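Taking the hints into account, I'd like the entire structure generated from these sequences.
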Amino acid sequence: MTDYIVPVLLLFVSAMALRKKENAYDLLLSGAADGLKLLVTLIPPLIALLTAVTMLRASGAVSMISNTFSPVFSFFSIPPETAILVLIRPISGSAALAVGADLMAQYGVDSQIGRTAAIMLGSTETTFYTVSVYFGAAGIKKTRYTIPAALIADLTGFLVASLTARFL
Amino acid sequence: MIMSWIWLGIIGISVVAALVTGQGDALGAAVPQGAQAGVTLAVSMAGSICLWCGVGKLMEKAGLTGLLSRLLKPLLGRIFPSYHTDPVFAGCLSANVCANFLGLGNAATPMGIQAAKRLSQSRTDGIAGDELCRLIVLNTASIQLIPANVAAIRSALGCSTPFDILPAIWVTSLCSAGIGLLVAWLLGKVWRR
Chain A
1 MTDYIVPVLL LFVSAMALRK KENAYDLLLS GAADGLKLLV TLIPPLIALL TAVTMLRASG
61 AVSMISNTFS PVFSFFSIPP ETAILVLIRP ISGSAALAVG ADLMAQYGVD SQIGRTAAIM
121 LGSTETTFYT VSVYFGAAGI KKTRYTIPAA LIADLTGFLV ASLTARFL
Chain B
1001 MIMSWIWLGI IGISVVAALV TGQGDALGAA VPQGAQAGVT LAVSMAGSIC LWCGVGKLME
1061 KAGLTGLLSR LLKPLLGRIF PSYHTDPVFA GCLSANVCAN FLGLGNAATP MGIQAAKRLS
1121 QSRTDGIAGD ELCRLIVLNT ASIQLIPANV AAIRSALGCS TPFDILPAIW VTSLCSAGIG
1181 LLVAWLLGKV WRR
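So the protein lines, in turn, are chains A and B.
The opening position of the first sequence corresponds to residue 1 in the numbering used here, with each subsequent residue numbered one higher.
The opening position of the second sequence corresponds to residue 1001 in the numbering used here, with each subsequent residue numbered one higher.
Be a bit skeptical, because a hint or two may be false.
Within a straight-line C-alpha distance of at most 20 angstroms, the following computed PhoX-like cross-link-like pairs (lysine-lysine) qualify [as the list claims (entries may be wrong)]:
{"id": "1", "chain 1": "B", "residue 1": "K1061", "chain 2": "A", "residue 2": "K21"}
{"id": "2", "chain 1": "A", "residue 1": "K142", "chain 2": "B", "residue 2": "K1117"}
{"id": "3", "chain 1": "B", "residue 1": "K1073", "chain 2": "A", "residue 2": "K142"}
{"id": "4", "chain 1": "B", "residue 1": "K1061", "chain 2": "A", "residue 2": "K20"}
{"id": "5", "chain 1": "A", "residue 1": "K141", "chain 2": "B", "residue 2": "K1061"}
Bear in mind the hints are in silico, worked out from the structure with no lab data behind them.
Because the structure is a prediction, the values reported are computed rather than measured.
Have a look at this one:
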């Protein structure tokens, strides 16, 4: 089933664009060219943060942190190996990407841990960044319950991710 | 600035941990390995990322956003009462939600910010109203049809079915957004200042 989602989406949007008399192929190419620019901005943080994360793992700090949080994570049946991803996800998007990629490479993309990491990455956002951008733009000083509610949402995401990695 | 502290923190913890565990040689080797892993990953993701940006542009021009916003109308009207009274806000809000859903991050944020400004302009006290809080909670919970970055990483690392986690991601983000909005709604009743 899931094998068809993306190919059919490609077919559908191309057909819809053509029906609106848009030059679908040219749009695709100009978008892909924008993608190259996006990629260029993506590479430097990936180099820096994968260096940092690889150092963290090689030094043994990753297993220390995982072991420290292990009782809490096991209680919620979240794999303790994802502790660093959970901690960094709300703070930095690129660091979370580096940590997630490292987890997937280390344990295998199709392993329980690799899938959990992928689902966590795909279903949550960089909460603190988003909150600061929006409240900054709107000129708000008292954010009331926004951050607690957003963090509870993230926590729910992490919990459900470790369930869906197993059952879906 | 915050990234500098994160960077320093990770490096600092690594050096101290290596001193404790005696893994100095592995720590030194990790530096060039990690830097190369960053480039390798970026290059292996390049194709997916570029193609997906192209598809994003197609979705925008094909009018998928308009189609989607008609479908979402009843739901958004329930979460945000201003949706019915302020057509400008309604337009920005549905553009924001639809762009997020289709993974068009560049289009989503400006629309979301406009919606946020629209909600905050009526008050001068600098306190966030309930609808603004809900708007931001909704934006911090990512609901995405195709999380292209994650699929690109999986494919770059040799996964043969990079999209098989889509249902799991959908269920997870729906749960997280639903709980977030529920908590925001409950807290909105008691958290007055």
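Original post:
Keeping to a limit of 20 angstroms between CA atoms, is the pair of K1061(B) and K21(A) held or broken?
Top reply: holds (10 angstroms)
Original post:
Is it true that the CA of K142(A) sits at most 20 angstroms from the CA of K1117(B)?
Top reply: holds (15 angstroms)
Original post:
Within a Cα-Cα threshold of 20 angstroms, do K141(A) and K1061(B) meet the stated pairing?
Top reply: Measuring from Cα to Cα gives roughly 37 angstroms; hence the hint is violated.
Original post:
Does the alpha-carbon distance linking K1073(B) and K142(A) stay inside the 20 angstroms limit?
Top reply: violated (29 angstroms)
Original post:
Does K1061(B) pair with K20(A) here, judged by a C-alpha cut-off of 20 angstroms?
Top reply: holds (8 angstroms)
Consistency note: the structure conflicts with the earlier hints numbered 3 and 5.
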